[in-house]
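Asks: Given next are the chains, with one letter for each unit.
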Amino acid sequence: MKLLSAVKVSRVRFIEIRHLAALTKPLELSGELSYLRGGRIEKDVSKPYRERTSIEGDSLLIERADDEPRRYALRGHPAAWAFVEGLRATLGGDLATLERYYYVDFSGTAGDWTLRLEPRDQDMVRYIKSITFRGSGPAISSIRVLETGGNSSVMTLQADSS
Amino acid sequence: MTLRGRAVVLAWLALLACSVLLASRARITSDFTAFLPARLDTDQALLVHQLREGVASRMMLIGIAGAAPHKLAAASRSLAQRLSASPLFAYVNNGEARFGAADRALVERWRYLLSPAVAPARFTSAGLHAALERALQALASPLGPMLSGRIAADPTGEARRYLESLPDAGPATRDGVWFSPDGKRALLVAETRVPASDLDAQAQAVKAVRSAFAAAEGARDATLTLTGPGVFAVESRALIRADASSLSLIAGAAVLALLLLVYRSATLTLACFLPIASGILAGIALVSLAFGSIHGISLGFAAILFGEAVDYPSYLFIHNQPGDSLRTTLERVWPTLRLAVLTTVLGGLSMLLSSFVGLAQLGLMLMTAILAAGLVTRYVLPEIAPAKPVAVARLEPLLAWSALVRRKRLIRRAAWAALFVAAAAAALRTGPMWNDDLGTLNPIPASERRMDQQLRAELKAPDVGAVIVVRAPGREQALLRSEALEPALRRLVGDGLIAGFETASDILPSETLQRERRAALPAAPALRRALAEAERGLPFRPGLFEPFLRDVERARSGPLLTAADLRGTGLGLKLDSLLFPLRGAWIALIPLRGAGDPVALAARFDALRAPGARLLDLRRATSRMIARYRSQTLELTALGVAAMFVLLAWGLRDSAEAARVLLPVLLAAGLEAVALPLLGAPLTLFHLVALLFVVGTGLNYSLFFNRAPRDPDERRRTLLSLTVCSLAVLCSAGALSLSSTPVLRAIGETVLLGTPLALFLSAGFGRDPA
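Protein chains in written order, with my numbering: chain S, 1 to 162; chain P, 1 to 770.
For the record, the hints were derived by calculation from the structure and aren't laboratory data. Incorrect hints may have been included.
Below, computed lysine to aspartate or glutamate pairings styled on DMTMM-like, alpha-carbon distance capped at 20 Å [to be verified]: (1) S:K47 x P:E133; (2) S:K129 x S:E118; (3) S:K47 x P:E217; (4) S:K129 x P:E535; (5) P:K207 x P:E217; (6) S:K25 x P:E217.
Make the full structure from the sequences, and use the hints.
Replies: Below, the structure written as structure tokens:
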């Protein structure tokens, strides 16, 4: 956690593969994930379509080329809120917040660690079984989300070479 | 006591007992819309309906301030949760979620008839393909886990689209709840189930909010601000009630002290109270009989009657010279006293004729109390009170003021000059002469009303401002007309003339529009074919959209949405406030938000020539209504004064004498009428009442000043009795001017200023004692 909290700003490329029960084949998205100090997270999808999601405070903004931007107040969606808080707390190295929302299990070594989160919030339990972060040192290498109803996703992160 | 005397006293006691019985059962109201005219035209009826029942009237605005934002947010959430659980509130919102579970279920069920996006093109294979592509992206978005359950039944997102199409009512959120723009105040709205006019239930709701707040987490350091029509109605009832009782007590105590000082006799002092006590009891009894209840303001008005009617016995007792019985004194004084009583009764009669219920009540109260007090003074007091002449010499210092009125010519000239100067100043002045704002009836302090307006603006809540009234013979036509207006209204929003609007047809589309939407839904086989084509190239699992096919078919072949289906939901509540029957027609209201330029708006609206629709500025319409009753009252007052003149001419058997008596009093009232607006108090209806009262008491003074005294002792007794009487009026008017109710304060202050003026001018214009 300490290592993570040392990160000020990070920008990584990601590939996300989502297995959804509603679909016959997995969805593959790729783009850039940025984390800026102060809790701002941006997820820029560039393939197979362009979409930017930014999260700041409790507001989630989704912008697409073909639609008006949509803004959501996350507190109105407890499950989404817990998810975002988990992501933000992990990226920010904020163990206290993390433990407020999840049962936290940390294993491995500093060079190869696993952080497994299981939601405490009843609302979130309805949607999410677990979130697992894997990483090495201050870098997160993957985020795996297991949803209820047979959905899951794996996001693989690779630090930008530039 | 003679047999006749005994009969009189018995009759008085019997009537008194009846009055006590009736008065003790009187229901006291304080809803100031109850003060409005009994017979209303349709616009006025609508106004009153809005004031009493309208959606704005049920809205409670809640602000929480004074702590760190995250604490305020926690308090807001905790408060909202507690209030939502209470049966007193139909709808509570703090920005966490705009719609409750019942509303979401309703929209889910009826989405294909409600959604404005439902059109044939949406259900073709191309339309569905676009929708499915979008659904796929939504599934992949961070909100995907929450949306995946919905996509199978509603791939085109009609429910969400409909909810998003409803006018956004809220301010910006912070920590997930509504906050003021400066971030210092968390904001909530709560809609009570009962209208603002149900005061007991409103009082319960106010209490519920306060105790929920006290128990809310994070609320310890924070302060609660609560406003809204219901809250104000409850507060003003408490204020008016407290005022009416405490002011009567203060006035009573002050007059009591004065009379004890003058008479040094408990018996005479008590006897002075008997007529007016009988009169006020009879007044309360008769008003509650005639009107079904008595308004708190009429009760407060009793305090001032106190000062006037306590005079009648005083004229009798003070004029009682050593060696005379009360009966002989009465024989000499009664002709004058009778005129004094009757002229005041005429003043009350002119108010009673007003169609403004509040004034009629005051008029009846005045007439009954004064007449009863006069009769008790005339018939009962001589039977039961002792003859105890007052030693005038002891009270000489009280008469010192009369030195001021020796130079009568100077006073007369000065009075006329003052009137002309004041009238000229009033004519040149630009400020308003009249204040026709109904809010001036409201006892709520201006600071709280400002807070209400601020919360309203921050919450973007509908204010009691501009509204379009659509009238039609039936519900369906009202909805159709309302729908027909929508494109024009959207243009007004686009041009910045209004910030937004709400319509009943958003919640309950007309049957015509619902049928149109239903017709846009393809039959099951066609939809299945279109869907199969739309799914081509997309990775959706086969059979995923069966719930969608089922729901569309159900909407296509099912019933239309009716008002009954909406019952028990927040949307249904809103519908009831926007669409209702009134006097055999149906009204659909379209409240407009943020109408900045009423003139430009009115011009644009008139150009629409929309059938059955009118733009109504509630505030202006209320003022117009008040102005109408004000001018009627003015006419009645003039008639009352004319009647007084006739009465005086008959009583004094000399019209020149009558004019002489009336002149100084009218001069005093006129001087005050032009002076008050100059002093920054534009006249209201109730100032007129107070002026009428000043004329009534002033006539007493003038009558006595013009009565030829028998000897110098009687002359001094007259002067003393008038001094004591006007001091008594000042005591009660002074008490009234302490009131926090603007109406009562206006009456108190006007009388406080007018009485000495009337006394002074009556003395100045009175017959020379020579």
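Asks: Please list, smallest to largest, the hint numbers that this structure does not respect.
Replies: 3, 4 and 6
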